[in-house]
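Asker: Just so we're aligned: the sequence shown equals residues 1 to 285 in my numbering.
These are calculated hints, taken from the structure and not from any lab test.
It cannot be assumed that every hint is accurate.
[What the hints assert, rightly or not] Derived DSS-like pairs: lysine-lysine, alpha-carbon spacing no greater than 25 Å straight-line:
{"hint": "1", "residue 1": "LYS191", "residue 2": "LYS250"}
{"hint": "2", "residue 1": "LYS151", "residue 2": "LYS250"}
{"hint": "3", "residue 1": "LYS250", "residue 2": "LYS194"}
{"hint": "4", "residue 1": "LYS116", "residue 2": "LYS191"}
{"hint": "5", "residue 1": "LYS116", "residue 2": "LYS194"}
Quick caveat, the model's predicted, so the values are computed rather than measured.
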Amino acid sequence: MGEGDRTDKISEAASDSAHAVGDAVDDARESTAVRAVARAGFVAVGTIHVLIGIIALRIALGESGQADQSGAVGQMAATPVGGVLLWAGLIACGALALYMASDAVMGWSGSRTSKKLGKRIRAAGQAVVFAVAAVTFGSFAVGHPSNSSEKSRTVSAGLMSNPVGAVLLVVIGAALIGAAVTYGILGITRKYEKNLRGRPHGALGNTFTVLGVVGYCAKGVALGAVGLLILVATFAHDPSQQGGLDAALKAFRAQPFGVVVLAGVGVGLIAYGIFSLFRSRYQRL
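Go ahead and model the full structure; you've got the sequences and the hints to work with.
Answerer: Below, the structure is given as structure tokens:
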């Protein structure tokens, strides 16, 4: 057998293996059980947003609290059924993260080639978001709760210590602001509905639409605030100014009409959370 024949056989075997893996992934994605668990991830993330919104409202009223993912999961952990909720959140968000990751790697079936890259990038971004949520649930479930604000400051301090890290922070901040604009556009134009496989009928459907518009716009404001805070902290070379979503939301209070803005964002995040509960039923997977 010549060298060329051996190379062809190796390439053919690798191709067959890749197809086998792809078929296995597709079979898993089509599983009713896998889809059910993945959809539960939207319930978990929706609950987190509702709790963050409630904490933000309390802060607007002068109370204390940690208005971020850790603060929300911490409140869930403090309930009588906290342990069950934490493990359920870990499994659901982990499954949804893997589902979105498979979209990013394998591509979306039926997509035009010109649109595949954009959809893969969005799927990858969503996979990261749900993976972070799963890690947060997991850290509380095993008794080692994480603090999102402290982690943000620690990571920022490490990156700011060298020029390459500082550039990366600027890129992250700019990307978050870009994502904020995207969320705002999706909310205003209602283009988020393209990824839904329907909606409730009648008055409930109209409420669903309002929740989506308000929720996406509020999510955009929150992401924009986080991105802006990262840029400010980086250019000031002061990681103490960077504390993630909690610091970004609390920064509103120091601004003119900040209490009103913070309360509005809190209501919007609650709306986004409730909308995510609907998404568990209507999101196209």
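Asker: All hints are to be evaluated individually against the structure, with a verdict given for each.
Answerer: A quick look at each hint next to the structure:
{"no.": "1", "hint": "LYS191 / LYS250", "result": "violated, 30 Å"}
{"no.": "2", "hint": "LYS151 / LYS250", "result": "holds, 17 Å"}
{"no.": "3", "hint": "LYS250 / LYS194", "result": "violated, 34 Å"}
{"no.": "4", "hint": "LYS116 / LYS191", "result": "holds, 17 Å"}
{"no.": "5", "hint": "LYS116 / LYS194", "result": "holds, 15 Å"}
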